[in-house]
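Each protein sequence line maps, in turn, to chains A and B.
According to UniProt numbering, the stretch in the first sequence is residues 1 to 254, in order.
According to UniProt numbering, the stretch in the second sequence is residues 1 to 266, in order.
Treat the hints as calculated values from the structure; they're not laboratory data.
Using N, Cα and C, we set each Cβ at its ideal position, and we do this for glycine too.
Among the hints, erroneous ones may be present.
[To be verified] Computed from the model, here is a short list of chain A residues facing chain B with C-beta under 8 Å:
1. S83
2. A103
3. P107
4. E145
5. Y148
6. D150
7. L152
8. G156
9. A157
10. T160
11. W164
12. I166
13. I243
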Amino acid sequence: MTFRQILVPLSAIVLFGVLWEFLVWVNGWPNYVMASPSDLPPAYARYWELFLVMGWQTLWRTVVGLLLAIAFGIFLGMVMGFSRTMRDALYPLLVGFNAIPKATVVPIVALLFVGDHNFNTILIAFMISFFPIAVSVSIGLSTLEPEYRDILASLGASKTTIFWKIALPKTLPEFFGALKVAVTLAFIGTNLMEIVSPHGRGLGALFDSGKTNSDYPLMFAVLIALALMGIVLYYVVVALEKIFAGWAERSPSY
Amino acid sequence: MSENLIEIKGVRHAYPTKSGSLPVLDGLELSVPEGGFAAVVGPSGCGKSTLTRLIAGLMKPDHGEVWLHGELVKGPKSTVGMAFQNPVLLEWRTILQNVMLPLEIVPTKLSKREQEDRARKLLALVGLEGFEEKRPSELSGGMRQRASLCRSIVHKPDVLILDEPFGALDAFTREDLWQTMHKVKAEEPFTGVLITHDLRESIFLADQVVVLSGRPAKTQYVMDVHLTGDRDIEHLYTPESAEALNILRHQIQIAQGRTEAEEPAK
Ligand SMILES: Nc1ncnc2c1ncn2[C@@H]1O[C@H](COP(=O)(O)OP(=O)(O)O)[C@@H](O)[C@H]1O
Ligand SMILES: [Mg+2]
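If we strip away everything but chain A, and leave its shape as in the complex, we get (with noise of 0.2 Å):
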């Protein structure tokens, strides 16, 4: 990382915080309209320990929700992406399954598993985000070139071994792309489960207390501090992209 990488970014952060808190300035909007910045320090202050206790929640159930994800996205992609039959098949229930607005599920799953609040959080966390994954694997695997798996097939390589040595290589590039989209998704899982769900852990439920209070400031830490966990998660996909998929970035010379 050069300092330009690091500058650029931190100060377009800086003169956001800037432009947000001249807005609260100037229109005048008391702390219950629009909490600003100059709020944040002070609600981290006070509520500091909730947010430490409450954001390893958020974050360690998002992180097993991704990971159940992964490796189901993973499975259900090779199925769909060896077989057409099954590909035929699932599809279209993938899809539905999909396309259902995912915050009338979580009432849903709240009360069939009532009090197994880290069950039903993870859950949610990994419904919603398994979808892009199993799509990008099983069209990766899918749309591979003939010529790729006979370089070895005609050696007597069996198909396993064709899976580990090209399939599964090749489709890293997209497999991460989906993971990034996976990985906010699952994010959101978690927080619409805790917020939606009565006594509720982790970040959504101290945001929903804050609403419940009228501590806009609060409120504010909370996307905040959800917002920095979100970037956090992000660059560590990206982070693993570089070194598991990184041949698959065409050096700028080009």
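Following the hints, position chain B with the ligands against chain A.
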């Protein structure tokens, strides 16, 4: 049994399609002796790639037999090497690692060190010395095809199957690769089948040119080529070559169902 290394007898094959069965090969015969190099030409879509997949054991013919080395082909064997028009190099591997790929599949007695030496030797043979650590995307089309050629012979296959390997290259690069082919054949002897749509290429590289008829393809015409060992592009411009090319061109026209022969080019 016969002394031919590749022996294809009465092969018939059809693909199932939505509009019924599509017969692709019917009455295909091909014999290539050990060390021989057969070029197969024919109208586009007549079943040439299908033929290569049958020889490689990637498919079984509906009818007829494919023999390699006196053994009936029942499935893929590691004694076959293949290269296609698309070089299909793996973008996440270096050129050297790409060339070594078959050695990860085929059982070999070579140590890692020896495997690498062999791959390096082949790359040098085709003029890719110094490109071992490059990625495929850093190479030109002709260079990628050279690397693909190395990969197809790195495990010393008995049979080399080339499916229009030079088809996507410009004319000059293609002629360079013809020369390279001769060099490779001299250093690393193989028995080969070359699919091509370039008649000059067929007589320049092969010692036998097989013309397939239109779909369903049968062996329509076989020509032995008598250009002597050390070939030079000049050989393509001798009266003998001109005559051979004329005959082949005429055969292709018959295969395409265009019987009226055009005025032969000089
Ligand atoms: N897997 C397949 N299923 C159905 N039809 C096929 C399949 N592969 C090839 N064909 C058809 O068989 C014919 C011969 O194909 P191919 O062997 O690739 O011809 P060539 O290599 O001579 O151009 C073509 O008409 C092609 O459309
Ligand atoms: Mg073809």
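Against the structure, the hints come out as follows:
no. : hint : verdict
1   : S83  : 17 Å, violated
2   : A103 : 40 Å, violated
3   : P107 : 45 Å, violated
4   : E145 : 7 Å, holds
5   : Y148 : 5 Å, holds
6   : D150 : 6 Å, holds
7   : L152 : 6 Å, holds
8   : G156 : 4 Å, holds
9   : A157 : 5 Å, holds
10  : T160 : 12 Å, violated
11  : W164 : 11 Å, violated
12  : I166 : 7 Å, holds
13  : I243 : 12 Å, violated
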